[in-house]
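Peer 1: So the chains spell out like this:
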Amino acid sequence: MEDIFVFAVQTLDATLRVSTPLILAAMAGLFSERSGIIDISLEGKMLAAAFASAATAAVTGSPWLALAAAMITSLFLALLHGFACITHRGNHVVSGVAINILVSGLTIVLGIAWFAQGGQTPLLKADARFRPIEWPGAQAMEGVPFLGPLYEELISGHNILVYVALLVVPLTWWVVYRSRFGLRLRAVGENPLAVDTAGISVAFLRYRAVAICGLLCGIAGTYIAIAQNAGFIREMTAGQGYIALAAMIFGKWRPLPALGACLMFGLLDAISIRLQGVSIAGIGEVPVQLIQALPYIMTVVLLAGFIGKAVAPKAIGVPFVKER
Amino acid sequence: MSAARAPLPRWVDIVLIPIINIAMALFVSGLIILAIGENPIEAVGIMLQGAVGYDGGIGYTLYYTTNFIFTGLAVALAFHAGLFNIGGEGQAYIGGLGVGLFLLAFDSVLPFVFLLPLTILACAAFGGAWAFIPAYLQAYRGSHIVITTIMFNFIASALMVYLMVNILIEPGSMSPESRDFMESAHLPFVHDVLGGLGISMVATPLNLSVIWAAICCVLVWIYVWHTRWGYELRTVGQSEKAAVYAGVNPSRVVVVTMCLSGALAGFVGLNEIMGVHHRLLLNFTAGYGFTGIAVALMGRNHPVGVILASLLFGILYQGGAELAFEIPRMTREIVVTIQGLVILFSGALAYMARPWLERLFAMLHRSGSPAMERA
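For the record, the sequence lines run as chains G and H.
Residue 54 in the numbering used here sits at position 54 of the first sequence, with consecutive numbering throughout.
Add 324 to a position in the second sequence, counting from 1, and you land on the number used in the numbering used here.
Simulated from the structure, these hints should not be mistaken for lab results.
Backbone N, C-alpha and C define an ideal beta-carbon position, used for all residues, glycine too.
Misleading hints may appear alongside valid ones.
[Claimed, not checked] Facing chain G, according to a computed beta carbon distance under 10 Å, are these residues of chain H, among others: (1) 408; (2) 461; (3) 614; (4) 658; (5) 690.
Taking the hints into account, I'd like the entire structure generated from these sequences.
Peer 2: Below, the structure is given as structure tokens:
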């Protein structure tokens with residue numbers, strides 16, 4: 001019994017850690033897509049942010065400067081996406097693909113030119129990274145059954161960005177559903193013409209939405225590079241941007257269900273590492289690849305309308321033309 | 325404001341704007357090379373020398389070109405029906421799986437003359453099948469093809485890893501690769517064919533699938549512009565409502581188009597598996613599916629444009645490899661960067677230059693012939 005409990009707590013702890021970048025990126029995507037801008041460049045923005053933060057941390061030794069650099073880099077890419085999609089009415093998917101490919105090449109090109117380590121950045125020392133924060137009393141709680149490990153493993157001992165991610169979710173909910181900006185944001189994603197008629201600038205609203213998206217992706221990339229890992233490795237986001245996108249769709253473009261989807265996909269990831277080569281009674285050995293592919297399969301099944309119905313914002317991907 | 329705009333001549337849209345867009349992409353690429361402290365002119369020189377300066381370079385260039393033609397045609401064909409097939413990577417992967425499975429089963433049984441057409445069919449069937457599911461879901465279940473094809477890229481990758489590691493691996497082998505195909509199942513290398521004709525050429529991966537790529541270009545051209553299916557396809561791409569009004573079934577067109585698109589992307593597997601590696605292995609698609617997007621956008625979705633764009637990317641890929649060899653601070657990923665910029669400028673920002681040109685031409689008209697003003 002004790003063993004299973006410890007295993008469960010450790011798995012949940014790992015879930016939280018792998019879910020963090022997904023949560024941040026999913027909320028980022030939510031802002032963009034709710035405003036009507038399709039964003040498949042979450043991946044690229046996170047990768048660019050990861051590189052920017054690792055490079056900055058390697059040079060300056062400060063995680064906070066690294067975070068700032070990552071957020072600015074990601075913001076720049078988000079505004080580029082906005083420039084293409086909002087100002088020039090370009091195809092959102094094409095622009096997103098362009099950013100993803102551009103970043104996947106550029107991070108390696110710059111990495112090799114600047115650090116000459118085959119595309120990696122130098123391994124960071126502890127004080128250049130975001131370190132786990134020990135909550136008060138975590139040591140003292142150690143002896144307490146159940147609550148002790150729960151508090152020590154699951155609640156305490158994460159780095160600040162994990163808590164930031166968890167705070168971003170209610171904040172997103174509040175902004176989207178309770179603030180004036182959020183009301184307009186949702187309106188512009190459903191019916192931009194109505195927003196325009198009300199005398200509100202569609203372009204400015206959407207620019208602000210993609211900017212928020214960029215800043216959040218910046219935090220997500222920073223987490224991957226200098227909190228979860230100790231430096232940048234080529235292609236280190238490894239499809240997490242797409243998983244986050246899938247989670248956002250799975251959550252039907254709503255913050256709390258999206259959080260649930262992120263945690264579920266994170267749990268699958270955490271389990272797949274633990275289940276490697278383990279045989280389950282009655283089922284036999286579950287292929288790791290199947291568990292890894294599950295988020296994608298589930299999203300496809302959901303989108304096909306087999307479990308509930310996921311309806312995207314109505315005006316998504318449609319360029320807004322003011323003059324008729 | 326719109327009064328000042330004169331309609332642009334056709335050649336501006338077809339020739340000038342694409343050239344301006346590519347020039348902008350290459351200009352920014354040059355700035356990036358400058359920024360890392362290397363000389364862009366020198367880099368271009370090394371790339372050209374490496375890509376077309378000697379027979380081996382040309383062979384490699386054309387080998388890459390072959391892959392890009394397949395994926396470029398795949399994306400272009402889907403574009404004509406208003407579909408964005410971002411899943412070329414996965415379809416190429418599964419197309420290669422089809423080639424591999426077929427040859428593993430039949431390479432000792434059938435002679436080459438039967439093997440080749442049947443392998444092409446198997447390849448097309450597998451690649452097409454991988455595109456069929458997203459197409460069906462888009463046409464009949466209302467899910468978005470972009471998202472589904474992205475997801476299918478990842479699913480294809482997971483499936484291939486599972487199959488290679490657990491089932492198709494050669495017994496006793498450490499790396500996840502199948503056994504080699506029999507010699508009779510190899511698609512001949514061009515250097516071997518030329519050698520047989522008495523022309524000597526350095527050994528390169530270029531094989532006869534390059535001819536199949538050329539044939540595919542012609543077939544796509546005929547299909548899109550000279551058959552009633554192609555007419556239906558373009559009608560759906562222009563306006564689904566008009567297509568319905570004209571008695572076309574858009575759902576059927578979506579499914580058929582995507583299957584053909586997937587089959588085209590799948591032929592990367594023909595080139596790689598039957599032509600070069602002669603065994604089934606992992607990661608042979610190497611991003612060619614995504615390059616197809618750049619190729620199609622740059623080639624304006626026309627087979628001739630696709631060939632030209634594929635050649636350019638073939639030169640970039642092969643030249644990029646030489647570049648990394650000559651200048652240690654450079655890497656071939658500079659080509660991936662250029663690719664991203666090309667997609668950005670010829671795709672997402674395709675019409676950035678248009679307002680300027682419209683103003684320019686309006687000015688030219690005004691100064692040239694005042695009569696145009698009234699018309």
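Peer 1: Hint by hint, where does the structure go against what was stated? Just the numbers, ascending.
Peer 2: 5
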